[in-house]
Amino acid sequence: MPAASAIKVMVVDDQASMRAMIRRALQDFGFKDVRDKPSGPEALAAVRADRVHLIISDFNMPEMDGIQLLEQVRGDPVIGKTVFIMLTGSSDREIVQKAAALGVNNYLVKPFAPAVLKEKIERVFGELT
Amino acid sequence: MKRISIVQGEQAVVSEPNVVVSTVLGSCVAVCLQDPVARVGGMNHFLLGEPSPDRPVPAANMVRYGVHAMELLINEMMKHGASRERLRAHLYGGATMIAGLGPIGRENAAFARRFVETEGIPVGHVDLGGDHARRVEFLPYDGRARSRQVANAPPVAPPRPAPRPPLGDVELF
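Listed in order, the protein sequences are those of chains R and C. The C-terminal position of the first sequence is numbered 129 in the numbering used here, with every residue numbered one higher than the one before it. The C-terminal position of the second sequence is numbered 1173 in the numbering used here, with every residue numbered one higher than the one before it.
Any given hint might turn out to be false.
Result set (DSS-like, lysine-lysine): computed pairs, CA atoms no more than 25 Å apart in a straight line [what the hints assert, rightly or not]:
#, chain 1, residue 1, chain 2, residue 2
1, R, 32, R, 118
2, R, 8, R, 118
3, C, 1002, R, 37
4, C, 1002, R, 98
5, R, 120, R, 81
6, R, 98, R, 32
Quick caveat, the hints were computed from the structure, so don't treat them as lab data.
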């Protein structure tokens, strides 16, 4: 069982209060190293400079959306295998299929309860301690 | 003048002139946002601010929280051409309607203030707190809003039935 405290996370969402809510939920689950960025390009630069184990990204962002960010990550030889969980709106069915084709590890539909976020992370990493 | 009336859990986004969006608030909060360049405005009406971290919340009830209502409103406004950097806000509601019923109104008002501060959205008119119901009227195209005291708050709606499992048959994981 992986220790949540050993998993480095990058949260990407253009809404600061959503980032803050996700951060708080992750900290409640025992994550210690949680970073966040308001846009895809900033997140990409940050995780290239300092790798993380898990990226949790919103889909709906201006400039670079979650699918474009996923594409960039998967196309990068160094960070290409980073676990990627996408947050989508309830009507984004096509987005999920596209994300799956690009190798997303899991997805979460907004609005979500914090417990569901933990469940999705555990489906990829195994039960967290 | 076309009128659009919203209730708890709803929102309206408008990018045309001569439309007024209105709602009646008790302890709920309505946030009016406008982009004065794109001339897009929107208003929501939510029951609760943020889920408390130590209390499990069923996913179906998350839609009642302001943190999601605000995201839906901003996303819809951006679809209409608004830019997050240009948004201006007016904040209303968060009254304590029945003494002893707990701090919901106060918490909602605090959430609304914290939200605009966290997002860096400048605030125009603020009418939060107190112990009376309010009617709010917002002109999304002009960005102007006003509130006035009314005698009765709307009843708080029961939780909406859980939505159909989202994404239907997309079972990928």
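We went through each hint and held it up to the structure:
For the proposed pair residue 32 of chain R and residue 118 of chain R, the alpha carbon gap of about 14 Å is at most 25 Å, so the pair holds. At most 25 Å may separate the alpha-carbon atoms for a hinted pair to count; residue 8 of chain R and residue 118 of chain R meet this at roughly 15 Å. The hinted pair formed by residue 1002 of chain C and residue 37 of chain R fails the criterion: a straight-line CA distance of about 40 Å is larger than 25 Å. Restraint check for residue 1002 of chain C and residue 98 of chain R: the C-alpha separation of about 40 Å exceeds 25 Å, so the hint is violated.
Taking the CA atoms of residue 120 of chain R and residue 81 of chain R, the gap is near 17 Å; set against the 25 Å cutoff, the hint holds. A distance of roughly 31 Å separates the Cα atoms of residue 98 of chain R and residue 32 of chain R; the hinted pair therefore is violated under the 25 Å criterion.
The structure fails to meet hints 3, 4 and 6 from the earlier list, while all remaining hints are met.
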